[in-house]
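Novice: Please put together the full structure from these sequences, using the hints given.
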Amino acid sequence: MLKNISNNISNESIPYLFLLPCLLILGSLLSVPLYKVFEYSLYDNVIVQKDPTFVGLQNYQEILGDIAFWKATLNTIIFTVGSVIGHLIIGTGLALLVNTDINPKARTVFRSLLILPWILTAVVVAVNWQLLLNPFGIINYGLDKLGLINEPLDWLGDPSLAMWSLLLISTWRGYPFIMVSFLSGLQSVPKELYEAAELDGAGFFGKFWHVTIPQLKPVIYGVALLDLIWTFQLFPLVWLTTGGGPGRETEVLSTMTFRYAFVNFEFSKASTVAVSILIISAAFTIFYLRNEKNRI
Amino acid sequence: MIFKKIITIFALSFVLIGNANAKTEIEWLQWFAAENNRDFYEGLVAEFEAANPDISVKLVTQPFGKVRESIVTDYAVGVGSDVLGLNMPWTSGFLKSDILEPLDSYLSKESNSFKTEKLVQAPIGKINGKSWMVPLNAFPFVMHVNMDLVKKAGFSEPPSSWSELKEQAVAISNLGDGISGIGMPLSSQPPSNGPILTFLPLLYSNGGRIMDGTSPNFDNAKVVETLTFINDLQKSGAMAPGYGSRTGGVDLEEFIAGRSGFLISPGVHASAVATRNPDLNYDLVRVPTNGVNAYRVHGWELGIASSSKHKEEAWKFIDFLLSKDVNARVAKASRALPGNLESIDLVSAEATPVMKTQMNILSGDEPVEELRQAPSAVPSWSIMTEEMQSMLRGDQSPNEAASKVQSRWLDLIS
Numbered sequence: 001m002l003k004n005i006s007n008n009i010s011n012e013s014i015p016y017l018f019l020l021p022c023l024l025i026l027g028s029l030l031s032v033p034l035y036k037v038f039e040y041s042l043y044d045n046v047i048v049q050k051d052p053t054f055v056g057l058q059n060y061q062e063i064l065g066d067i068a069f070w071k072a073t074l075n076t077i078i079f080t081v082g083s084v085i086g087h088l089i090i091g092t093g094l095a096l097l098v099n100t101d102i103n104p105k106a107r108t109v110f111r112s113l114l115i116l117p118w119i120l121t122a123v124v125v126a127v128n129w130q131l132l133l134n135p136f137g138i139i140n141y142g143l144d145k146l147g148l149i150n151e152p153l154d155w156l157g158d159p160s161l162a163m164w165s166l167l168l169i170s171t172w173r174g175y176p177f178i179m180v181s182f183l184s185g186l187q188s189v190p191k192e193l194y195e196a197a198e199l200d201g202a203g204f205f206g207k208f209w210h211v212t213i214p215q216l217k218p219v220i221y222g223v224a225l226l227d228l229i230w231t232f233q234l235f236p237l238v239w240l241t242t243g244g245g246p247g248r249e250t251e252v253l254s255t256m257t258f259r260y261a262f263v264n265f266e267f268s269k270a271s272t273v274a275v276s277i278l279i280i281s282a283a284f285t286i287f288y289l290r291n292e293k294n295r296i
Numbered sequence: 001m002i003f004k005k006i007i008t009i010f011a012l013s014f015v016l017i018g019n020a021n022a023k024t025e026i027e028w029l030q031w032f033a034a035e036n037n038r039d040f041y042e043g044l045v046a047e048f049e050a051a052n053p054d055i056s057v058k059l060v061t062q063p064f065g066k067v068r069e070s071i072v073t074d075y076a077v078g079v080g081s082d083v084l085g086l087n088m089p090w091t092s093g094f095l096k097s098d099i100l101e102p103l104d105s106y107l108s109k110e111s112n113s114f115k116t117e118k119l120v121q122a123p124i125g126k127i128n129g130k131s132w133m134v135p136l137n138a139f140p141f142v143m144h145v146n147m148d149l150v151k152k153a154g155f156s157e158p159p160s161s162w163s164e165l166k167e168q169a170v171a172i173s174n175l176g177d178g179i180s181g182i183g184m185p186l187s188s189q190p191p192s193n194g195p196i197l198t199f200l201p202l203l204y205s206n207g208g209r210i211m212d213g214t215s216p217n218f219d220n221a222k223v224v225e226t227l228t229f230i231n232d233l234q235k236s237g238a239m240a241p242g243y244g245s246r247t248g249g250v251d252l253e254e255f256i257a258g259r260s261g262f263l264i265s266p267g268v269h270a271s272a273v274a275t276r277n278p279d280l281n282y283d284l285v286r287v288p289t290n291g292v293n294a295y296r297v298h299g300w301e302l303g304i305a306s307s308s309k310h311k312e313e314a315w316k317f318i319d320f321l322l323s324k325d326v327n328a329r330v331a332k333a334s335r336a337l338p339g340n341l342e343s344i345d346l347v348s349a350e351a352t353p354v355m356k357t358q359m360n361i362l363s364g365d366e367p368v369e370e371l372r373q374a375p376s377a378v379p380s381w382s383i384m385t386e387e388m389q390s391m392l393r394g395d396q397s398p399n400e401a402a403s404k405v406q407s408r409w410l411d412l413i414s
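So the sequence lines, in the order shown, correspond to chains C and Z. The opening position of the first sequence corresponds to residue 1 in the numbering used here, with each subsequent residue numbered one higher. The opening position of the second sequence corresponds to residue 1 in the numbering used here, with each subsequent residue numbered one higher.
No lab work stands behind these hints, which were simulated from the structure alone. Here the structure is a predicted model, which means the values were calculated and not measured. Keep in mind that a hint or two might mislead.
Beyond 12 Å from chain C on every Cβ pair, some chain Z residues (computed) [said to hold, decoys possible]:
#1 E25
#2 T116
#3 G213
#4 S245
#5 D325
#6 A351
#7 Q406
Below, a list of computed lysine-lysine pairs in the BS3-like style, where the Cα atoms sit at most 30 Å apart [stated by the list, open to error]:
#8 Z:K332 x Z:K58
#9 Z:K58 x Z:K130
#10 Z:K115 x Z:K356
#11 Z:K166 x Z:K404
#12 Z:K166 x Z:K235
#13 Z:K356 x Z:K332
#14 Z:K58 x C:K50
#15 Z:K115 x Z:K58
#16 Z:K130 x Z:K309
#17 Z:K96 x Z:K66
#18 Z:K115 x Z:K311
#19 C:K36 x Z:K404
#20 Z:K23 x Z:K324
#21 Z:K152 x C:K145
#22 Z:K235 x Z:K151
#23 C:K50 x Z:K130
#24 Z:K311 x Z:K332
#25 C:K217 x C:K145
#26 C:K50 x Z:K126
#27 C:K50 x Z:K66
#28 Z:K96 x C:K50
#29 C:K36 x C:K50
#30 Z:K66 x C:K71
#31 Z:K58 x Z:K96
#32 Z:K130 x Z:K151
#33 C:K145 x Z:K235
#34 Z:K311 x C:K50
#35 Z:K152 x Z:K166
#36 Z:K222 x Z:K166
#37 Z:K130 x Z:K96
#38 Z:K118 x Z:K311
#39 Z:K151 x Z:K356
#40 C:K71 x Z:K404
Ideal Cβ placement from N, Cα and C applies to all residues, glycine included.
Specialist: Right, here's the structure in full:
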């Protein structure tokens with residue numbers, strides 16, 4: 001009897017033993033830093049202060065009462081939603097284009113070229129776009145030659161243009177992920193459905209609306225949520241392109257965190273903003289996981 | 001017999017390993033080799049190691065914008081470098097965190113290769129009753145001039161006063177074809193230090209200051225007057241378009257490429273201009289004045305981390321860098337003035353006209369350094385940048401910009 005119980009326990013514990021390395025890695029690489037960030041947010045300041053004082057939720061009160069935090073939150077929402085919409089529109093359009101029946105070699109070349117923005121690092125993207133959008137850059141030159149502007153525009157330094165410019169750069173950088181995901185989705189749509197739609201007299205838009213979109217719906221939902229999570233936390237592209245400026249016109253929560261930490265050396269406030277990003281990102285992640293569960 | 005041999009080999013190995021372990025390694029974190037000649041600094045390290053076989057030096061080079069951040073994070077996790085490349089405006093922030101080791105006891109050593117009173121004095125001035133850094137080199141903020149553009153615009157000499165600066169900058173901008181009189185690097189991008197590169201040198205040449213001792217004093221008449229002058233440069237078309245996205249780096253590049261008439265920046269940039277565009281018809285003058293011959297003094301400083309376990313060795317290396325001959329070579333390599341003024345003869349013997357101008361400015365004009373004691377100096381640059389951007393856009397007057405910087409700076413340190 002005892003032997004049976006012992007065998008059962010050891011049999012049941014084997015899967016947990018296999019999980020142990022993963023749990024240990026997650027525990028040390030994820031849980032500890034998360035806990036530390038939350039703990040830091042409860043002190044007056046840490047890292048640069050030898051004897052920090054526990055202040056409870058005071059940092060949260062201060063951050064929530066700071067208009068700059070709400071401005072950064074609004075900017076984050078505009079940047080995230082705008083970027084994801086841009087990625088979806090451009091990514092879907094290009095996925096449809098590179099899915100058409102053309103010369104296979106040409107199709108491979110187009111697919112390879114169109115995926116390039118995804119391969120480039122944020123630094124390269126930022127520097128390239130800074131050169132393109134410079135008052136003496138090629139974009140202003142082109143607009144001037146077309147007679148569309150009288151004087152060069154400061155795309156990244158003018159408050160009325162900076163966020164739009166950032167959205168353009170973010171869209172360019174992020175569309176390949178959507179394009180690749182939708183392309184694989186498009187290739188799994190049965191051709192019979194398009195044939196049936198054609199027989200019913202559907203044109204290009206009819207087929208797109210009534211066949212492609214419904215078939216891609218699960219992919220669109222999952223990919224858009226994933227993109228939303230990633231873009232919400234995006235830091236390097238914004239910091240390297242505008243630094244959150246001009247003024248604080250393009251300041252997002254991630255750049256605000258960095259500014260508190262490494263410009264002002266206010267690491268507790270940086271942790272407080274980081275926790276707010278974590279809470280919002282976690283909400284998106286739960287939505288995503290639920291969606292994935294429903295799909296399964 | 002064989003056994004004896006094995007024992008001997010083991011014994012020798014232990015002795016050798018023991019000796020290898022006895023060698024102390026110190027780490028030198030700096031940005032100098034990134035801006036200068038890396039081989040030159042590696043050569044210096046090798047020279048020091050040859051003279052001090054018991055010490056090895058690890059040269060850690062990072063871009064300027066990254067060093068301040070690295071010093072803080074390294075200190076926090078306890079892996080900091082021993083010898084630190086420093087910038088005077090970082091001082092008050094680092095002192096708050098006890099990152100720096102006081103250098104008074106080291107400076108008073110009789111064995112030092114230099115005399116403390118012969119060092120450039122601004123960096124070693126006491127804060128909280130102690131000295132925290134020593135100068136490796138020094139240079140004034142100056143105005144770099146593209147003489148071809150000055151002549152093309154109809155002038156024979158570079159400007160020496162504010163009114164001449166405005167007149168010539170407007171005339172150069174009017175040449176068209178993407179040419180501008182002067183740039184104003186007011187990008188929010190890190191380190192967002194445009195105001196201290198351009199505004200402060202103009203303010204000092206106007207006899208103004210932004211500090212009252214250790215307290216911010218930004219909303220004063222001289223500051224407003226200087227902001228008004230900068231605003232006039234913008235309104236009159238003297239300024240390059242795109243000040244809101246122009247970084248200090250871009251400002252320098254535009255000048256090197258021959259697209260700006262004037263560049264107000266550290267004299268050490270003469271090195272970049274000379275090496276990257278040797279064909280540029282280039283001159284260097286004092287920042288045009290509005291009645292006062294004063295300059296913002298700057299330099300590359302050295303300090304010791306309070307967390308260093310090898311402070312004596314670290315000082316030995318600093319002492320080597322400040323010795324007359326070595327310091328002269330450092331100055332020549334960086335086209336700056338030596339931190340040890342006893343080296344100045346060695347430098348001036350081979351000085352170019354551009355270097356001689358810098359020496360004249362350093363010896364004849366009034367040096368000003370306010371940021372070493374300024375509280376939250378680095379975050380205050382961002383505030384100045386943002387308010388100056390707003391002023392140049394026409395959203396506020398110079399008076400309002402000065403008041404806002406003052407109140408935001410006080411909020412920051414309260």
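Novice: For which of the previously enumerated hints does the structure constitute a violation, in increasing order of number?
Specialist: 4, 19, 25 and 32
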